Structures are given as C-alpha cells and as structure tokens.
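Take these sequences, add in the hints, and give me the full structure.
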Amino acid sequence: MSAAQPPVNHPEIRRLVPVLAPGHTYESVTEKISGVVLTRPLGLGWLAGFALAFSLLMMLTVAVAWLIAKGVGIWGINIPIGWGFAIVNFVWWIGIGHAGTLISAILFLLNQKWRTSINRFAEAMTLFAVACAGLFPLIHTGRPWMAYYMFPYPSTMGIWPQFRSPLIWDVFAVSTYGTVSLLFWFVGLIPDLATLRDRAPHQWQRMIFGALAMGWRGSARHWHRYQSAYMLLAGLATPLVLSVHTVVSFDFSVAIVPGWHTTIFPPYFVAGAIYSGFAMVLTIAIPLRAAYGLQDFITMRHLENMAKVMLATGLIVAYGYFFEWFLAGYSGNKFDMFLVQQRFHGPYSPYYFALILCNILTPQLLWIQKVRRNIPALFVMSLIINTGMWLERFVIVVISLTRDFMPSAWGRYSATVWDYATFVGTLGLFTTLLFLFARALPAIAMAEMRELVAHQTEEHE
Amino acid sequence: MEQRAQLYGVMGEFETAHQLLHAAEQVRDAGYKHMDAYAPFPVEGLSEALGLGRNLVPLVTLLGGLGGGLGGFGFEYWVNIVSYPMNIAGRPLNSWPAFIPVTFELTVLGAALSAVFGMIALNGLPRPHHPVFNVHRFLRASSDKFFICIEATDPKFNLAETARFLHGLNAQHVTEVQDE
Chain A
0 MSAAQPPVNH PEIRRLVPVL APGHTYESVT EKISGVVLTR PLGLGWLAGF
50 ALAFSLLMML TVAVAWLIAK GVGIWGINIP IGWGFAIVNF VWWIGIGHAG
100 TLISAILFLL NQKWRTSINR FAEAMTLFAV ACAGLFPLIH TGRPWMAYYM
150 FPYPSTMGIW PQFRSPLIWD VFAVSTYGTV SLLFWFVGLI PDLATLRDRA
200 PHQWQRMIFG ALAMGWRGSA RHWHRYQSAY MLLAGLATPL VLSVHTVVSF
250 DFSVAIVPGW HTTIFPPYFV AGAIYSGFAM VLTIAIPLRA AYGLQDFITM
300 RHLENMAKVM LATGLIVAYG YFFEWFLAGY SGNKFDMFLV QQRFHGPYSP
350 YYFALILCNI LTPQLLWIQK VRRNIPALFV MSLIINTGMW LERFVIVVIS
400 LTRDFMPSAW GRYSATVWDY ATFVGTLGLF TTLLFLFARA LPAIAMAEMR
450 ELVAHQTEEH E
Chain B
0 MEQRAQLYGV MGEFETAHQL LHAAEQVRDA GYKHMDAYAP FPVEGLSEAL
50 GLGRNLVPLV TLLGGLGGGL GGFGFEYWVN IVSYPMNIAG RPLNSWPAFI
100 PVTFELTVLG AALSAVFGMI ALNGLPRPHH PVFNVHRFLR ASSDKFFICI
150 EATDPKFNLA ETARFLHGLN AQHVTEVQDE
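From first to last, the protein sequence lines stand for chains A and B.
At position 446 of the first sequence (counting the first as 1) the number is 445 in numbering that gives the first Met the number 0, and the numbers step up by one without a gap.
At position 84 of the second sequence (counting the first as 1) the number is 83 in numbering that gives the first Met the number 0, and the numbers step up by one without a gap.
It is worth saying that the hints were derived from the structure and are not from the lab.
You may find that some hints are simply not true.
Below, simulated SDA-like cross-link-like pairs (lysine to any residue); rule was C-alpha separation at most 20 Å, straight line [as the list claims (entries may be wrong)]:
#: 1; chain 1: B; residue 1: Lys155; chain 2: B; residue 2: Glu175
#: 2; chain 1: A; residue 1: Lys112; chain 2: A; residue 2: His23
#: 3; chain 1: B; residue 1: Lys32; chain 2: B; residue 2: Leu6
#: 4; chain 1: A; residue 1: Lys112; chain 2: A; residue 2: Ile255
#: 5; chain 1: A; residue 1: Lys333; chain 2: A; residue 2: Thr401
#: 6; chain 1: A; residue 1: Lys112; chain 2: B; residue 2: Glu43
#: 7; chain 1: A; residue 1: Lys112; chain 2: B; residue 2: Gly44
#: 8; chain 1: A; residue 1: Lys31; chain 2: B; residue 2: Ser142
#: 9; chain 1: A; residue 1: Lys333; chain 2: A; residue 2: Leu314
#: 10; chain 1: B; residue 1: Lys32; chain 2: A; residue 2: Thr401
#: 11; chain 1: A; residue 1: Lys31; chain 2: B; residue 2: Arg139
#: 12; chain 1: A; residue 1: Lys307; chain 2: A; residue 2: Ile374
#: 13; chain 1: A; residue 1: Lys112; chain 2: A; residue 2: Trp184
#: 14; chain 1: A; residue 1: Lys31; chain 2: A; residue 2: Ala290
#: 15; chain 1: A; residue 1: Lys333; chain 2: A; residue 2: Ile255
#: 16; chain 1: A; residue 1: Lys31; chain 2: B; residue 2: Asp143
#: 17; chain 1: B; residue 1: Lys155; chain 2: B; residue 2: Gln5
#: 18; chain 1: B; residue 1: Lys32; chain 2: B; residue 2: Leu49
What you are looking at is a predicted structure, and each value in this text was computed from that prediction instead of being measured.
If you want it as structure tokens, here you go:
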C-alpha cells in the first residue's frame, strides 16, 4: 500500500455500518437463511403469533360471508358517503405494497447493495398487501360475484367496459401490478428454491422445492439470461409502481369533488405510498431479525437507511398537505376553501389533527441519528406512520364526501363493527401469509447474499 | 462405443468464483466449445469468459411489450369506438389520452410476462432431470461450490486428456458425468 492512500482502517475514521456483518462465507449465509425453512423446529412464539393472526383471518371470512349474505348495508356507508372503509383500506394496503417494489426494482437499478437482504420479504409484503387491497374493491361492489363484468370479455349482452373510466384503469393497474410483483418475486426465488431442493433433508421437501425450482442448475448460460430478465423486470416494475398509485389517485382526482380534484394527487399519493410502505417494512423487519437472529444480514445500516427514506418521503407528503391548503386558497374556489376549513374545524377535525401529528410532526424526530439507531423507537415510529397514512386516506375519502357542494347533500359517516372486523381481518390475512412465508420460503435472497459475500471477500483480498 | 454414448462430460470443481472465472477462460482458450460453468450466484464476467454472446431475452421482452401496448390500444379502440361506441355529450369518440393508462399497463404486462417466460423457455426449463445432477458433489453447486463441465459432444473431447486438463487448472474433484 502506498503512503498516499488514506488509512482506511484507522479507528478514528467513522465508517458506515456494513450491509453484511464481516466473517460470513457462502456456506454460513446459506445455512443461516435456509435453516429457518428446513431445519428449525416450530417455536412457541411462531405458533402463538400464527394462531392470533389466523383467528383474525377467520374473523375476516365471517365478516365477508356476512357481507355477501346481507349486502353492503351492514357497513357504515350511506348516500352521500358511498366510499367508506373499503376504499380507505384499499388505498392504504396498495400503498404499503409500493415499498416492496421500490426496494426490489428501483434500488436494484440504482445499485444499492443494502437492498439485498430486505428485498425478498419486502416483495412478499407487496404481494400480500396487494391481496388485501384487491379484496376491498371486489367486496365493495356489493355483488362481488359479478366482478368479472369489469374485465373485457365477449359477453352475450354485447356490452364492453368503458376504457375512459378511472375505475377500469384501476382494474388493469392493480391486476398488472399484482401479476408483475408475483413474477418478480418468483424469478428472484428460482435459484433459492434450487438451493432448498439440494439441501432439504426430507424427500417431500425435495419434491416440492424441486418442482418449483424447475430444474435450475446454476448454469452460466442460465444466469446470463436470468440476469437480463431480472434487470428488465426491475426496469419495467419501476414505472409500473409509479403508475399504480397514480391511477389510484386518478380514481379521486378525475372526479370534481372538493379536495379530490387536484393535480398534486399523483405525486403526493406515490410519495405517501412509499412512506407507508417503508414504515411497514420496518414493522416487519424489526421483529423478523430478532426472532430468527438475522441481525448480521439486516444490520443497523438497513434500518437507518429505511428511516432516512421515510423522512424524505414524509417531507414530500408534508409538501402535499401544504399544497392542498395553498391551492385551495390560490384557486379562490369557495368549495375547496370550505373543505380545508372543514378539515380543521369540521366534525372530523380530530382525525385531521391526528394525521398531522402522525405523518408530519412525529417523523421529524428521524433527523436525530440517535432515534434512527434506536430500534424500539423506530418500531414505534413505523406504527405511528402506518396509522397516520391510514388516517390520511380516511380524511381524503370521508371529509370530502360528507361536505360536497350542496348543504342538503351533506352527511355523516361512522363505521360499524363489520367495517372494523373486515379491516382488522385483512390485517390477519396479511400477518397469516407473512407467518407462513417466513417458514416456508427463504426470507432473504440467498443467491444475492452470496454475491455480497463474494464482493466482500474480493475487497479483503 | 457403448460407454461413450452414456458419457455426458467431465466435471471439475472449484473453490472460489475467481478460480472458476480463471478456469473458464483457460477452457475457452484451449479451444473447447461445448462446455458450461455452474455457480451458486451470477459471477461477474463469467459469460464473457465462456464466450457467450448476447442473449435473446431483451428482444423477446421488447416484442412482448410492443405486442401488449399495440394490442391493448387497438383493443380499446375497437371496443370503445367500433364495437360499442357511446356518444357522451358529443365528445369525440377517439379520446385516445383516456386509453393511455390501460395501454401502458398492458405494455408492462406483456413485456414482463415475455421476459419471465421467455427466460424460462430459452433456458430450457422446466427440466427436472439433467446429467449434471448425477454427480453427487453437484448438490453444492447451489450453495458454495463452482463447477465446469466439458461435454462429450465437444470435438476436442477426450476423456483422459480433458480430465487431465481440468486437473491442471487446479480443479479439486474431477469426475465423469454419466448420462443415465
């Protein structure tokens, strides 16, 4: 080493926490991650958590069954508030999914190595969140068995969907998003499924993982095409993820309802989606790394980076809120100005103030490094932001619908026990799927972790 | 002759990605054509070392995307203008900007489906049985070991010589691969 080079290992130079704790080999990384799936016995903690999640899922099935039997009248919706919890929850869930795609696609294209250990379960989170989200538009139609009317199929009635309608755009955006997320996730899983096939102790495991791995053998020719396909998928998923929440925001902004009809909606919705999604990734990552001892792979660097992304997207969201006030005043439109006034002083103002507290004020603590590196604080913060983002959608949907143009058309909305049962039930569906995922498939991408090990050993050589 | 028909190739095992890369270059420079390398993760530069050219996945993806986009727009046009036109307050029927969101989604969908299924098909998967799986140590190709297999179909292939050649490249275990 020449004298001109800086002393990189000098203790006084503050270095970044590594994305992978030192001392790991290909085998140790593979063993640690595949062991969770293949050899680790079911613990009491997993069983208790799964039982709780599964009972909430059962509550969801009861709530949905009752809804199908009785109709949407069991919910708190009425005229003029035709969109209640169902749409609030739909937007909330689909937004949560966005962080998974952001981590797996955009951070991949930007060559951010820290995405490696969180992308797999973030993508799983995306899929499960999209599953929860997709349920709501389906059941809020009132006659979910007629939902196929939304798809263009040659019907004997001779009618076709209206492709100029944002609601049809939504069908295509969400179903494309679900499909592409599934493909992306599966492609990432193929090499890991092969690893599980080769390491599984039982015949039945070898058969299942072997069938799913499709005979992947790690050939250089295969990797060559695989990398092209993965890169292309990342490139395709990036505009897709931006388009999905944009289309969701069109559901609102194409309408002329006060508070909805603004051009700030698409970027503000996308930022909010990423904001809540990163909060959810933290909510999952913090218990996951503790439960399965994955602190070497999901390091403080990951948690801190995610906190920084939350801070940045939170500021964009705050800018969106500010612009809602500004545009209402600047437009001189009395209905828009009245709506802002109603947010502060109307019957739902506690929701609005809680939203400001959760989404704008509390996250400012993330400017402090001590908070970003305090795991319990981050966990609580992620829950607060998730609550705040749910409140945001509640404020958008409910306040605007209860206060539109004619005082004679004003109304009030309050959710019923079935609304809450359905919402909490989807939390159960989401958590049940996550619990199953954590034990059935590798929660961290093993092949990519081995790549990280290779880079680390090269640096040392 | 009988035994020759059963022989798939000769396989050598390597400890690190760096050794594999080095060995792949040597194999290529020695004039072998029918060979493949196996690694537990994509090794940077391995495709070049093996002399692999461009692959068809990007082209397939482009075609899939074009098909999805053009097909999507064409279908929307046919549905809302030809098959089931609706005159809403005398607005022009071909309101194409309103068709763009679905066109975009279908472009992405077409491209993504062809990227994934194109990659799987071009790789010849699903193929659960392959001669390389007959080598017991090959189980570790998906965990931590690296392999090169020179196939018996190669014009330069000679069991003894090729095996010696792989030994010379510091391969740890050189084994015959039988095609059962």
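Task: Structure versus earlier hints, numbers of those that do not hold, lowest first - done: Numbers 4, 9 and 10, in rising order.
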